[in-house]
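Residues per chain are reported as follows:
Number of protein chains: 2
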Amino acid sequence: MKLTILFGGASFEHEISIVSAITLKQKLSNFDLSFIFCDQDHTFYLIEAAKMKAVTFSKGEYKKMPKLLIANGGFVQKGIFSSTMHNATVLNLIHGADGEDGTIAALLDFFSIKYIGPRIDASVFSYDKRYTKWLCKARGVKSVAHEELNIKEHKNINIEYPIIVKPARLGSSIGVSIVKEESELDYALDSAFEFDGNVIVEPFLEGVKEYNLAGFMANEEIHFSIIEEPQKEMFLDFEKKYMDFSRSEQVLQAEISKELESKLKDNFEKIYKDLFEGALIRCDFFVVEGEVYLNEINPIPGSMANYLFDNFENSLAMLLSSLPNVKKAKIGYEYIHSISKAKGK
Amino acid sequence: MKLTILFGGASFEHEISIVSAITLKQKLSNFDLSFIFCDQDHTFYLIEAAKMKAVTFSKGEYKKMPKLLIANGGFVQKGIFSSTMHNATVLNLIHGADGEDGTIAALLDFFSIKYIGPRIDASVFSYDKRYTKWLCKARGVKSVAHEELNIKEHKNINIEYPIIVKPARLGSSIGVSIVKEESELDYALDSAFEFDGNVIVEPFLEGVKEYNLAGFMANEEIHFSIIEEPQKEMFLDFEKKYMDFSRSEQVLQAEISKELESKLKDNFEKIYKDLFEGALIRCDFFVVEGEVYLNEINPIPGSMANYLFDNFENSLAMLLSSLPNVKKAKIGYEYIHSISKAKGK
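The listed protein sequences derive, respectively, from chains Y and B.
So for the first sequence, full-length UniProt numbering puts the first residue at 1; every next one is plus one.
So for the second sequence, full-length UniProt numbering puts the first residue at 1; every next one is plus one.
Hints were generated in silico from the structure; no laboratory data involved.
Possibly wrong hints are sitting among the right ones.
No copy is singled out in the list; a pair is fine if it fits within one copy or between any two copies.
Claimed, not checked - In silico EDC-like pairs for lysine to aspartate or glutamate, Cα to Cα no more than 16 Å straight-line:
| id | residue 1 | residue 2 |
| --- | --- | --- |
| 1 | Lys270 | Glu153 |
| 2 | Lys330 | Asp39 |
| 3 | Lys59 | Glu221 |
| 4 | Lys209 | Glu289 |
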């Protein structure tokens, strides 16, 4: 099965996308993989599988590899006498900006390239944490109480400490702080506003249970991963989370009741359906006093959350053969013709 | 002032985009305009100003004109010996799919081309009527009660007749019906589902007052158009609305109280701020018993609602010189370097 891994991007998560791609190379050994790297200047390069090592990127060696142009139907490699078209289905593995904000989705849609990954709408609702809250509300999924702050306005926070401060639009814990008391607030806000003019504040819930569940739609039904209770950490900082993107060992199912399992799946489905089709996503939930709260949607989880699936290659193959079709409008010129006629021309 | 009008697109509103562009050519005579047409196959063509006539498109004559490729910084016209780069700021005038769903916005963002028009997020919230309702709710703007229907599920409607049935994601009244009694419902739903798998149903409000207000942000403040009370029609069908896109005569300010005027502007601002920066939009409001309801956001109004502005060229020039800058992430390889070090490589 042919598949192109698209990774990199002009994003704070550029590096973890590289790590994710290297991990997937190992996990998808039965696929016929190719690798396309998007550098920070938005130039595309075809990377030989043997060169899929961190050093290729950190030392800039990728710049010697063939450049590609995106065009209708795929990525074009210009030769001296002829061009090669790389038109395999793409796995969008660009984390953060570009990949998760809808840009790459739009690009691939526009050029009629099939892809695994969130579509434009789904990207907007998962990339900005404020919009994720709106989505939850509209679909009857609980989420943690929050307040929104904008860099241009001063507003008092009415949530009791400790609180957690997050830039509205970044993943991987970048710019996120836990604030125990008011004296620490300004510094935390400065850190968050450095990355985004909009910030959200939530109560920092201690002793909360966390569960991660991934899944995707194929053949009209959702296929779930196992449910993981992630390792307890006071807080995942960027470096720890970064390591997290190279995970490849399968984890064990969390020991939870059938009832909780079905509640988690039910909430996942409410978020996924009629929005995330075409993507394999991971939802991170909190459980407080038996109630399920959505914490975060990862529409392109690190290394595609391979470690949560019993048979990851099989799952990805299923998704690959069940991607949504874009319905294109048929263009006619009936109105122009009829108006020209009415005008006597 | 240089400006490129980008129009066409693979959209049901392809033709009205052409009409819009022709109208703007007349209205922006002091601008140094160029015209780029996106055909239904997503190929770009450079159209000579003198050829900006309906017949150029309806007869396919545009196909003889120079093809352009989108690339970093602009649109490239390949010559035999050299290439020309068209890098003026773009006015996104593609109505409906492509232009208003976030696709063109993402494309222009990705290739670092400055443009007038809604950004990705703003597009998603205005293109899908369901998401517009969520936006209203989150920002304290009233909108008409509604129910959502999906093509795959049968659901009873609990709104009293007459009702109005609309595809969730199309503009220009395509697929919209007014349903007076239940016996007409199936036909109306079929018409709407032909265009979109999601449909919204609202009560059809008779005797309601309608007001349209356009505006844009420049130099940190919103500049409003006059407020128009559009001509009363039982219902704007596609052909009538189509003619509407070629409007170029300035209209008169509606005779309304200062209080209502400020209510309308206040609601416009709640919708616009921190979302529509970079775009000139038109909000269509209903007024029922003194209360203002948002009916619809037009993030790329027909012929840019030129007829609502006292000095349209001046307004557009202001917007042009105040477009948002994209903050690009700086890429480093610190984590890869530090991890390589830790591994002793």
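Taking the hints in turn, this is what the structure says about them:
1. Lys270 to Glu153: So lysine 270 and glutamate 153 pass the 16 Å test across copies only (15 Å; inside, 34 Å).
2. Lys330 to Asp39: between (35 Å within a copy, 11 Å between copies)
3. Lys59 to Glu221: So lysine 59 and glutamate 221 fail the 16 Å test inside a copy (44 Å) and across (45 Å) alike.
4. Lys209 to Glu289: within (9 Å within a copy, 49 Å between copies)
Against the hints set out earlier in the document, a violation occurs for number 3 only.
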